[in-house]
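A.B. asks: Next come the chains, spelled out residue by residue.
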Amino acid sequence: MIKKTAAQMSASLTSGETTSVALTQSHLDRINEVDSKVKAFLHVDGENALAQAAKVDAERAAGKKLHPLAGVPLALKDVLAQEGVPTTAGSKILQGWKPPYDSTVVSKLKQAGIVILGKTNMDEFAMGSSTENSGYGPTFNPWDLTRTPGGSSGGSAAAVSAFEAPIAVGSDTGGSIRQPAALTGIVGVRPTYGAVSRYGLIAYSSSLDQAGPFGRTVLDTAMLHEVMAGHDPKDATSINAAVPNVVSAARSADVKGKKIGVIKQLQGSGYQAGVLARFNESLDLLASLGAEIVEVDCPSFEFALAAYYLIAPSECSSNLARFDAMRYGLRTGDDNGASAESVMNATREAGFGREVKRRIILGTYALSSGYYDAYYGSAQKIRTLIIEDYKKAFTQADVLVSPTSPITAFKIGEKSEDPIAMYLADVATIPVNLAGICGMSLPAGLADEDGLPVGFQIMAPAMQDQRLYEVGSALEAALVSKWGGHLIDQVPALGGAK
Amino acid sequence: MALTYDDVISKYEPVLGLEVHVELNTESKMFCSCSTTFGAEPNTQTCPVCLALPGALPVVNATAIESTIKIGLALNCQIAPYSRFARKNYFYPDMPKNFQISQYDEPICFDGYVDVEIETEEGPKQFRIEIERVHMEEDTGKSLHVGGATGRIHGAEYSLLDYNRAGIPLVEIVTKIVPGTGKYAPEVAKAYVAELRDILRGLKVSDVKMEQGSLRCDANVSLRLIGSDVLGTRSETKNVNSLRSVERAIRGEMIRHAELLNDGKKVKQETRHFQEDTGLTRSGRSKEQAEDYRYFPEPDLVPVAPDASWIETLRAALPERPSLRRKRLKEEWSVPDKEMAAMINADVLDIVESTVLLGADPTKARTWWLGEISRIANEKETAIADLSITPADVAEIVALVAAGELTDKLARQVVEGVIAGEGKPSEVVAKRGIKVVNDDGALMAAIEKVCAEQAETADKVRNGHVPAAGALIGAVMKETKGQADAARVRELLLGHLGH
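Each protein sequence line maps, in turn, to chains X and Y. Sequential numbering from 655 applies to the first sequence in our numbering. Sequential numbering from 166 applies to the second sequence in our numbering.
Just chain Y, same shape as in the assembly (with noise of 0.2 angstroms):
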């Protein structure tokens, strides 16, 4: 029987558990030192040790340990003093070595939190989501199912293998399960990814796009009686690949396993496809059986023993927390609410803050980068970190705006000259010969031309009917050419028709 969303959480309450596997960004891969640029020619970007050629043996990346512990530190992790790797034995044409190097029952990080605040009709709620391990592994290669119709294994005339990212480091976050969050699971599920893509950002460990699949989110979500301590069968839905899909995913499972609850049947414990376009998932894998990975400790490997010192200068070193930024700017720039979260939702924090420390008023930083600009860059489908202005060049605009040589209007005309590869501000006023006119005389001579070829609003004005001075003003920014002061306009135009 179809139900709504309110029927789930009326009787049933979901409980939450996230894997987030996250490509790190470092030069070279976990175990070689082949490179990891996105996107290059299949198989260029291989070697004996990634291709698993006889003899060939694993190194460990120091970069990749080091961003390991900086994501633990943020996620307010233990660091252990020592962990092994371990291989998970299974066989998969894409993973060369037929096992992959991970992390068994020694994860490098264990037991943290992170904290999530979302709006809710109460208000701001605030959740905490509990870290079971952080851990380091190696990515698979990719299989490219040729011939059949869908794109997968199933029905695939025959497959093709490209090994660039098999050894591409892996860090997967794990959390404890996660009760609690009634009705606003699916949102705390995509606070609880952001929170982490921030965080993540902000270590400068990780291109964290989603899109690429340098964050990959893996959603499990069972269902009980609310008020029931035991926890039901749970899902896991692979690969969700945007915070959107996130909500859209757990939201979605929720009700089908309702619906299979309600019937009296049962959920299966299975692996599941999201579906970007219906929103619904599709059964993978059964996991009825746990597979047996066969883990044992990677003989090829030595133990990863940090010292503490290092460790406690990486976590001196940590960055802001990404939610305590937020709380900091909102206060220092004074920003409503609502502004703020528009800001957060168009991704334009950093650029904005970059561009007040150049000098910039916050408010006007935020009006042009939330304004034209994101105007523009949506106007050429692209995004704002790929137009060509800088927060420099913003600043310089904000500046001259101040010092009454450009009118808000005239700035925006910069802004597009700037996009459009004109030159800096100062070069982009200079070439359209862009300026205020700051000429009372030639502005008075331009008034009483409007208010003669207006006289019956001119009356108005004089008879203290201000509101229609309006009209006047425009006419005179026309006359001017749009190059004039409108609020020197104003009291010229108003001190002329005696107020």
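Next up, chain X with everything else stripped away, as it sits in the complex (with noise of 0.2 angstroms):
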């Protein structure tokens, strides 16, 4: 039953071969099996998920009509606020916090009767490429337990790639969706910035932030979007328009007659061997299928990764201020007579991790009198000419491709001690986030040299999501095809107790 896809186990469900309690209570015994090796989840919420479950069996056995994903389980990204539910963001400065309130994508999960099974691991506020930065330990991919899931929604990857859950959901501030999908063998998806309410999303930097969706297959990934999008007044950001037709586009599977465009700057030196060779093969299969592939340039993505390592910072370093020990979370250093500042400043010394220190202090000094220029607005001139580069290139191709990641699943702690190589896993995600388009990643095969995943990334226009399933359904149809089955079959079993 978990190894099915969400789009299946909704027929089940509609079928009656199945219950969402049965359903649920396979996933949380799989969870139980094989998340001691994994640590996909921070918190597994086994009480409330059977009783949503329970609940939504009752309401298909009294007739109500009901979404196609209610009753179907979820791993949802620690970054997102749920009602009385811990909510750490990976950081210990949050440890034992539980929200009095929903964000807004979780309303929307629970209306329509998902069945949220937890909470799962991250890079401490989304800062980082790999889960290692997590406050509560890395989590470990399902491919090769001694590797990284990447990040920083690698809890959410896992636990899809594990089977812990068919569906999850993520954030992608420079590529936290699409990386970890890449290492993780499975499909993510970036919404347009804008698309899904960032209302309860902790903030990293809000300027690039967005919530999205992890599925095994295309349709499942776009089952998910759909409940997540839509326009939300509680956030001032938020696109108010109909939400492109993502699920009947992941159905369509149809590249006839469209223009591909390979990013020259997304290739090359940098990129793992068996990385280029599954993308070009991918670009070869969609030829084959009729889509007219051409090259677009992009000069100005040279300075996105700089860019980014300013604008987010800066952004950070005010987004969290706010973790001051005055209000929730953790208080230490709170003896007689300590005044607020110095608790403020010991709390803040020990519940935040080095990463976070890290762009903290980047970021104050990039907004800093003086600087300001300098940095900040620099970075901000770099965005405007990335979103020109796209502009043009747009006029050029339908979407615009590369690959995800330039390589595969590294070592656990083999980047940790070195910031630029680990900052470099997302130099061809990261365009995508300052630009406030959207991108899709989805795997392409496995590299030759490591056998383990590559992702195969999807680019398009603001609001013009659809491009991505169409595109990527397409690709999707042919690779399963070809290989007589999806890629993630392939995946190590990690069941029974080692």
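Don't read these hints as lab results, they were simulated from the structure. Fair warning: there could be bad hints in the mix.
[To be verified] So the derived list for chain X, only partly shown, Cβ under 8 angstroms to chain Y, looks like this: (1) 753; (2) 754; (3) 891; (4) 968; (5) 981; (6) 1022.
[To be verified] Straight-line distance between alpha carbons at most 20 angstroms, and here's what the computed EDC-like set of lysine to aspartate or glutamate pairs gives: (7) 307/Y x 995/X; (8) 495/Y x 518/Y; (9) 253/Y x 995/X; (10) 888/X x 302/Y.
None of the values given here were measured: they were computed from a predicted structure. Glycine included, every Cβ here is placed at the ideal spot set by N, Cα and C.
Reassemble the complex: the two chains are provided individually, in unrelated frames, and hints are given to aid placement.
C.D. replies: What follows is the structure, given as structure tokens:
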């Protein structure tokens, strides 16, 4: 049952072949069985999950019209506030905090009757590309438990690839959905900025953050995308427009006559041979399906990483100021007579991890008087140039493509002492965030040299998210027929007590 | 060395800069839907947004933007077609996000002016105060420091935080530097704040109650030698809570600066706090090292881009400017300067105008509100506006007097009755049985009785000493229990005594 896709689970629930309680229980069993190895979850919410499942079963029995994903279990990145359920954003500074409110994404999941199994591990405050920066220890890649699942949404990606949940919610500020999807052999989508409400998404970098779906198939991902998206008056940056019809796009699997632009700057040096080989094979497949492959030039992408590491830390230095021990979360150093200032200092010293502190310091510096123009100001100009590069490129192609990550999953500890090497893991995903457009990663096969999954990235203009699913579903269908099954079927079983 | 104010102004020229914070009277906060009602139980008017819970996001209150644009228009400002919010970053426990959402280099209104008029030795004189900017921001919460002797954070055992005020919309109105006021600097500053208050009240965008903090003034003052064009170092006196204090704070700071300068010392650039009891300021935060607030555009909000035609609609609907209105009313009502000033001081202009609009004679209306009703309010130690008498009541009383149905003296009893809650004027008249004695026969009887009793006085009047009639009229009025019309009594009495 747990190996089915979410769409198949939905069908089984509708036909009465199974119940949500049974489905939920089998996922809780799987979590119980493998999560001591994978460490995808920070908090498993079995009791509430089963209660929600029973409620959906009862509604179904009573003949109520339900959402297709009603009763299907899901893993939720710990960055989203869920009322009454511990929410930490992977940080010690929020240990034990239970939000008194639901994020808009969680409200929408609940409204659809989706069963939330628990909260998944992540790099602290979504800062990282390996989930090693979690305050609660790393998550392990189900393909090779000595490797990272990528990050920051590594917990959600690992949960889906380890069959602990069929679908999951992540968030993507610089590639935090697409890169872990690539490294764990699943599908992940970062929707257009403003398409999914950020209300209740614990902010890392407000102008770049966006929650999005994970699935093992393009269709499952689309079904979850549709639930999450939509205008929200509680988020001033939310786009007030109809959600693109991603589900029917995911069923179209048609690229005939579509122009696919390969970005010159996102390949070549720095990209692993096996990654480029799988990427080029996918291009050939798309061409054989009737797509026209063109090369596009995006010269400003060279500066994207640098701009990102000024803008994101600047915004985070301000966003994370609220963690001051005054109203919630960790409080240390509150001895008799301690001043508010010394309690704030002691708490932030104890509660934040090294990477978070590094980015707060970077951002504080970049925004300082006398440096603002040189750093934050210049980064915003690069951002504008990247937007223009995309604009031009999208006049030449319907979608743009690249490898999602230049490398496959790396070893735990391999890059954790070298921030720049870690930052380079996001070199191909960051431009999408800076431009506020949408992107997908889907599995393109295994690299010959290490047998690890390779991700194929598709990018589309703002609010044209359906294009990701049209091209993605076509490529997926061609690859699945070539392989004789989904790539995820090749993931190690992990099962059995070891 | 202690200096007098005259010493100061004979040598130095003051330069002013005024920052006024106005709490808007919107029903909900600037970035969330929490109530803004003053005086609620601590922390009952809060939500995830104004407590800055993780994940919460601000959404701009559209009414606050409208109010700010109205203020900008009333202050003759340009309205920016595109402006942005910015984050002002600093840590303080009563500021939940540890940044304040404000506006930095893109304020919504800029480049305006306000003209104020003050009385000088050479007669009324007008000063133009130029407005640098009007921008929107949010208020902080309040810290209550417990256990110390002074209520200040220094020496306190612990502090309590109330976030009810956190996120209340504030508008900050900043002047350009104001030179050229000379010895009138304190009066000009006071007149400016008063004019702003009247403008804001006319716009109905704020309660403008200085004592509750809904209008707060920070006064910047510096001195330079007369004739110099180099600005001196300024001090910034915070939260001056009444018009009188604005005047006192500036005067006090001018003297303090001059004493320092005369002694060859430097004025420190710092924040100072005004103390009502002494009229002096005490040192606060030093501002010698400019704080770095690391402003940057607020990424959680979209730019404010008001439609040009909407701005014109708001402009067309602006109320009359208070200074023009005062001028118009003064002319329409033919009020002497002194009386006009008294009305403004007593804050009865609106209420008198309402009374006149209900048909009352302007002089009569003014006399009632400034006279008897003010007296009763003083006696009860309450504001005129809080008395239960309305402009309609006063208009009715004025009409009754004009119709001869009440004498002034009787009318005072009616006013007293209305204020005591006995009902509308007609009801008080009925209940108390108040009526003018109009029956000449009854009056003549009383006159004859009084003239017989005071024959000597009556003879004086008969012999041409008319002023002596006053005593007789008084006696007749007493005889008729004050219900007679004194003018009619006088007429009949003088006729009776051969005049």
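A.B. asks: Find the hints from earlier in the document that the structure breaks and name them by number, from lowest to highest.
C.D. replies: Those not satisfied: there are none.
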